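A.B. asks: Chain by chain, the residues run as shown.
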Amino acid sequence: MAINRRDFLRSSACALGSMALASSIDTFGVVHALTPQGATDYKALVCIFLNGGNDGNNMFVSLDQYNGPAGSPVEGYSNVRAASGLAIAQASLLPVSPASGGSYGFHPNMPEMQNLFNQGKLAVLCNNGPLVEPLTRTTYQNGTGKKPLQLFSHSDQVGLFQTAVANTVSQTGWGGRVADRTQSLNGSATFPSNISIAGINLFLSGVDTRQLAVADSNTTLANVLQLNMSGTSSEQASRLASFNALRTLDNDFKLVKAASDTRSSSIQTDIALSSVNPTLATVFPNTSLGRQLKQVALLIKASTDPTAGINMKRQIFFTQIGGFDTHSAEVNGQGNLLTQVSQAISAFYAATVELGMQDKVTAFTMSDFGRTFQPAGSGLTTVGTDHAWGNHQLIVGGSVLGRTLYGAYPVLRLGGPDDTDGGSNPRGRWIPTSSVEQYAGTLATWYGLSTADLTAVFPLIGRFPSANLGFLA
Amino acid sequence: MKTSFPRCAVIGIALLLCVLSGSSLATADAATNKKPVLISQTTNTRAVAFESVTMKAEPFALTATVPAFGADPRTRICIFATDLELLPGEGANAFTSDVQDGTGKIYPLRVEYVGRVPNFPGITMIIVRLSDDLTAVGDVLLRLNLHGMSSNRVRVAIGHTGGGPADDPGAVATPAPVTPPAADLPLVPDPFTGPATEADTVRFLEQASWGPTPAEIARVKAMGFMAYLNEQFNLPTTNPAKGSNYPDLAFPLDDSSQQCPVSNPADPNYNQAVCVRDNYSMYPIHRTFFTNALYGNDQLRQRVAFALHQILVVSANSEVSRPSWMTPYLQALDRNALGNYRTLLNEITLTSAMGEYLDMRLSTRTNPNENFAREILQLFSIGTDVLNLDGTPQHDSQGNTIPTYSQNDVNEFTRVFTGWNFATAIGAGITNFRDPMVPRGGQNHDAGSKTLLNGFSIPACSSPNGTANIVCAQSDMNAVMTHLANHPNVGPFISKQLIQHLVTSNPSPAYVERVARVFNNDCSGLYPQGCTNVRGNLRLVVQAILLDPEARGDVKTDPNYGKLREPAQYITGFLRAFNPKSFDKTTTSDGTLGNRSSTDFTGSLDQPIYQPTTVFSYYQPSYEVPGTKILGPAFGILSTTTTLRRANNINTLVFNGVSANASPTPANPDRPRGTSIDFANLEALAGNPVDVVNALDALLLHGTMNPQMRTSIINTLNTINDATITTRNQKRARTAVYLVATSSQYDIQR
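Protein chains in written order, with our numbering: chain A, 435 to 907; chain B, 4 to 753.
If you're looking for bench data, these hints aren't it; they were derived computationally from the structure. Note that the structure is a prediction, hence the values are computed from the model and not measured. Careful, some of the hints might be misleading.
So the derived label-pair ranges between C-beta atoms look like this [to be verified]:
no.	chain 1	residue 1	chain 2	residue 2	range
1	B	S409	A	L497	34 to 40 Å
2	B	P76	A	L497	41 to 47 Å
3	B	G166	A	T885	30 to 36 Å
4	B	F459	A	T602	27 to 33 Å
5	A	V787	B	A64	54 to 60 Å
6	A	V787	B	P268	54 to 60 Å
7	A	P899	B	G165	25 to 31 Å
8	B	N237	A	T602	53 to 59 Å
9	B	P172	A	T602	37 to 43 Å
10	B	G458	A	V845	45 to 51 Å
11	A	V845	B	P396	34 to 40 Å
12	A	G856	B	P531	47 to 53 Å
Beta carbons are placed, not taken as given, at the ideal position from N, Cα and C, and that holds for glycine.
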């Protein structure tokens with residue numbers, strides 16, 4: 435009774451055809467269909483969003499500042515974090531010696547990151563965050579410097595990182611705007627450039643660009659978008675024709691049209707993916723992030739395999755792992771998450787090596803914000819941290835100029851030169867020394883965004899000393 | 004409006020209107036369905052329009068030729084309308100406007116002024132500001148919306164004349180009449196004490212319940228909306244001691260391995276999987292949620308409580324993962340959903356579930372934790388921006404929004420909330436998630452003075468130790484609750500979100516303002532029945548939301564109107580429309596939709612009930628639908644993946660049903676009855692597909708089905724011609740239901 439789904443979709447594609455064409459610009463913003471000359475090489479950006487605000491202070495520790503001045507309650511990693519149970523023992527941190535100087539240690543659950551760092555495939559961007567303009571403790575505290583909107587709030591700071599616009603509420607993400615401006619690089623390919631494995635997000639949403647959202651690798655690509663219909667094949671075909679035709683109607687109502695566009699996108703992509711079946715020898719950890727990054731690797735393989743007919747040249751992916759909002763129980767909570775992050779990123783890098791594309795793919799972390807250097811609460815099972823600002827990010831790939839640090843590691847002192855907080859109880863919220871615009875601009879420039887388009891995508895980037903932080907070749 | 008704008012010179016308008024003449028204007032429909040009419044030239048759809056300062060006619064430059072609006076040089080134009088039925092005092096913020104260019108792109112225009120034209124009583128002048136992203140595109144079509152009704156579209160030239168979209172189908176010239184019409188009568192609110200129309204009853208029940216059923220449509224249509232609301236306000240709950248439909252659950256040991264060992268020799272019926280399911284999974288609560296939604300009478304309380312859950316969030320997806328731990332929180336939502344906001348805020352704050360979820364129970368004077376303090380400000384009460392009463396943000400002299408609070412304020416609120424913990428354990432190894440939190444005493448509450456918002460402060464407590472510390476924590480809690488509940492942002496902040504959950508994602512500011520006024524004083528609305536001059540009366544807030552002219556009417560034509568049915572509403576609403584029963588149709592559904600061990604139907608649509616990912620809920624009220632410039636909160640979880648799952652869930656329910664199953668044990672199955680729906684009424688009509696489609700149009704789309712949609716479905720039904728008539732009728736009914744229920748037209752409640 436049931437017919438092959440691929441034949442079924444193909445047979446119905448005619449019914450869909452005229453409607454799909456008419457609405458394609460509204461579905462994925464597939465304007466590049468009009469410009470057949472694309473790029474000759476492939477490049478992908480892969481965002482790994484650490485949702486909730488990763489405590490970078492415990493992910494990547496300055497060993498030079500591990501012990502502050504003896505007896506100081508406010509300076510030095512151990513002095514501030516050990517009494518509450520939050521500090522990681524110095525001996526268990528995984529040491530690295532960056533080319534930029536100094537001694538640092540990765541969280542003990544991240545040996546894979548230490549390894550990639552030492553191979554020169556991983557760089558750490560220190561104390562990065564949303565900024566409207568360069569700020570110092572003085573200009574922050576005396577109010578002469580402009581501050582980003584709604585510092586320290588989850589939803590707003592997720593927005594500031596994903597939009598890379600710190601002085602207004604943007605409804606487009608920087609991944610979406612980069613895709614808007616680089617559509618032509620994909621030539622005549624019509625597959626979505628921006629793909630989320632973690633549901634809808636602001637990061638991938640552009641002015642014209644819409645995002646594809648698919649499930650992780652628990653579902654094969656061929657089945658990742660699947661419309662189920664009951665009945666005989668002729669009943670299904672008749673029903674599907676009407677099902678598709680209804681989406682061409684009532685488009686004057688914006689919300690009706692938006693719902694129709696989303697479904698049309700899904701069905702178009704279902705058709706494109708229904709015959710692909712990429713495989714990878716690399717073993718990924720069976721964690722949510724592992725499965726997400728495996729799906730990204732499979733999509734990269736399918737999108738670049740000449741026999742699959744997709745033939746993309748530029749793609750931006752979004753993955754996410756939650757649980758980093760560790761106001762309490764941080765030691766085990768963040769520790770478990772960092773294990774997952776490290777293992778998944780490592781497997782993903784190995785998969786790009788397997789595909790021979792490690793130089794073509796750059797993965798990078800973002801997170802809501804860093805967390806207060808001063809702990810919240812105390813006791814090994816309860817201690818946590820509150821919302822803060824500047825944070826450390828990881829950039830991984832064959833094109834990364836790794837084994838070094840970018841940006842300045844903060845002075846680990848409550849009320850010190852990098853702390854926003856004054857008063858009697860400063861918590862240690864670092865003022866970023868580079869902006870999200872600079873971080874994103876560096877990634878986007880590598881991806882192929884032209885200098886001319888840089889300020890259109892990152893309107894504030896000219897306020898900072900450099901548009902390129904230099905961590906990509 | 005706070006600013007007065009230059010008005011088009013009256014004489015000029017009068018002259019121009021006098022030379023225009025034409026046929027009579029469109030006639031008005033029912034009271035709440037009146038459409039504004041924009042005035043055009045005599046023989047075509049070109050607007051009568053002027054640049055507001057210079058009085059020059061089109062084409063309009065993007066920048067005003069004579070600057071008159073301070074730092075904002077953008078051009079304003081005057082247009083003219085008739086047939087406006089305004090509530091007393093209603094002005095510019097009741098209107099929205101947009102223009103569409105020749106490529107189909109739509110630009111919202113801000114309506115800045117609305118006023119009568121002197122000596123032309125029935126004609127209203129409207130000033131709109133050209134949007135910042137509009138360029139010199141030539142002709143555009145301009146529309147005005149009021150109370151969910153859109154006007155005709157008139158043609159306006161931007162930059163140059165010509166080009167632009169074709170006129171709307173059937174568009175005609177709408178010139179001003181030779182004799183100026185009489186003044187528009189003010190809109191007199193319908194008391195809703197008499198019978199209602201069928202279409203508006205369907206719409207009302209979509210907003211006020213988990214979805215219309217044929218029986219409820221007939222009943223509510225006859226009794227009228229005011230009587231229905233009064234009935235709903237006074238319906239009892241199934242757990243009256245708690246004012247809730249959620250039963251009290253037994254509290255298991257914190258350690259699940261002790262509570263649910265592998266086997267229990269003393270109990271021959273013991274099964275570990277059942278023990279874990281009932282004590283440590285959300286299974287019991289999900290069943291209660293869905294069976295109440297499908298069959299409970301107190302529909303309004305349930306809808307409002309679920310909306311409030313999405314504003315004052317505790318999620319069972321992380322620490323508070325046990326059904327008995329969530330229950331007091333859910334009971335507090337039910338108990339106060341139609342009660343008072345301050346009581347709600349206070350009770351939710353003190354639930355042990357909230358104390359655990361946002362860490363307030365860990366926060367002490369020496370180890371303060373900001374988590375709860377920040378979220379109660381940002382999400383549960385006042386939001387991040389200082390608001391006008393109509394919900395729009397206020398701006399400073401540079402045009403920037405104004406933050407409601409600073410990090411320093413968060414620090415001060417954090418101090419207020421220090422020193423609380425769970426009450427005494429229920430028993431050995433059983434943390435007290437049953438009772439509200441209690442002060443810790445000692446010196447755990449920060450007893451110093453605190454400076455809060457808008458100059459309000461809490462003085463230091465005289466003695467900071469021991470019992471006095473407990474008293475201080477309690478008095479501070481009382482003071483901060485009153486402080487927050489009285490903050491001027493709360494009315495618009497909470498009211499707008501409730502409107503978005505129940506009625507429409509993009510309410511006009513005037514609608515928000517009307518409801519916020521009721522929030523601020525329950526006697527100050529259009530429907531003050533039962534008011535006592537109190538603040539935060541959610542019962543009358545909900546009444547104001549549901550009976551507002553922008554909510555009511557048979558049909559809404561504003562292209563921005565409506566909301567995406569969120570998954571919980573989509574699934575329960577669909578089932579309620581078709582007499583949901585057990586899988587074998589002998590009894591009621593068990594409310595277990597899908598597979599408990601992974602995700603049920605709404606979970607697969609990214610709305611796992613009471614388990615949102617974060618305190619920011621399943622989606623955010625500020626979510627803008629990409630490419631539209633309008634809000635669509637539930638679109639935040641409508642992805643290319645979930646859109647197909649919506650259709651696939653309907654396919655399952657229509658063609659297969661959810662079968663009963665015996666897991667985890669035959670004696671105690673997860674889905675003892677399963678779920679199915681009943682199309683007998685539709686099958687009886689299926690000899691004539693037109694009748695089937697008409698019935699579904701009325702039931703699911705309140706009579707708004709597009710003629711082409713109707714034709715498409717009828718044509719499909721006509722291809723179904725099985726020789727056995729009962730088979731044919733069954734297939735026709737199912738096919739028709741599938742097509743309507745999976746349509747985008749049904750996705751959007753409007």
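A.B. asks: Work down the list of hints and note, for each, if the structure agrees.
C.D. replies: So, going through the hints one by one against the coordinates:
At roughly 35 Å, the beta-carbon separation of B/S409 and A/L497 lies within the given 34 to 40 Å, and the hint holds. Checking the proposed 41 to 47 Å range against B/P76 and A/L497 shows it is violated: the Cβ atoms sit about 57 Å from each other. Against the hinted window of 30 to 36 Å, the Cβ-Cβ separation of B/G166 and A/T885 comes to about 34 Å, which satisfies the hint. For the hinted restraint 27 to 33 Å between B/F459 and A/T602, the CB-CB distance of approximately 30 Å keeps it satisfied.
At roughly 59 Å, the beta-carbon separation of A/V787 and B/A64 lies within the given 54 to 60 Å, and the hint holds. Our hint of 54 to 60 Å for A/V787 and B/P268 holds, since their Cβ atoms are close to 55 Å apart. Distance hint check for A/P899 and B/G165: the Cβ-Cβ separation is about 48 Å, which falls outside the suggested range of 25 to 31 Å. The beta-carbon spacing between B/N237 and A/T602, approximately 47 Å, falls outside the hinted interval of 53 to 59 Å.
Taking 37 to 43 Å as the suggested C-beta distance range, the pair B/P172 and A/T602 conforms, at roughly 39 Å. Hint check: B/G458 to A/V845, Cβ distance near 36 Å, so the stated range 45 to 51 Å is violated. About 37 Å separates the C-beta atoms of A/V845 and B/P396, a value consistent with the hinted range of 34 to 40 Å. The supplied range of 47 to 53 Å is met by A/G856 and B/P531, whose beta-carbon atoms lie about 50 Å from each other.
This entry does not satisfy hints 2, 7, 8 and 10, going by the numbered hints stated previously.
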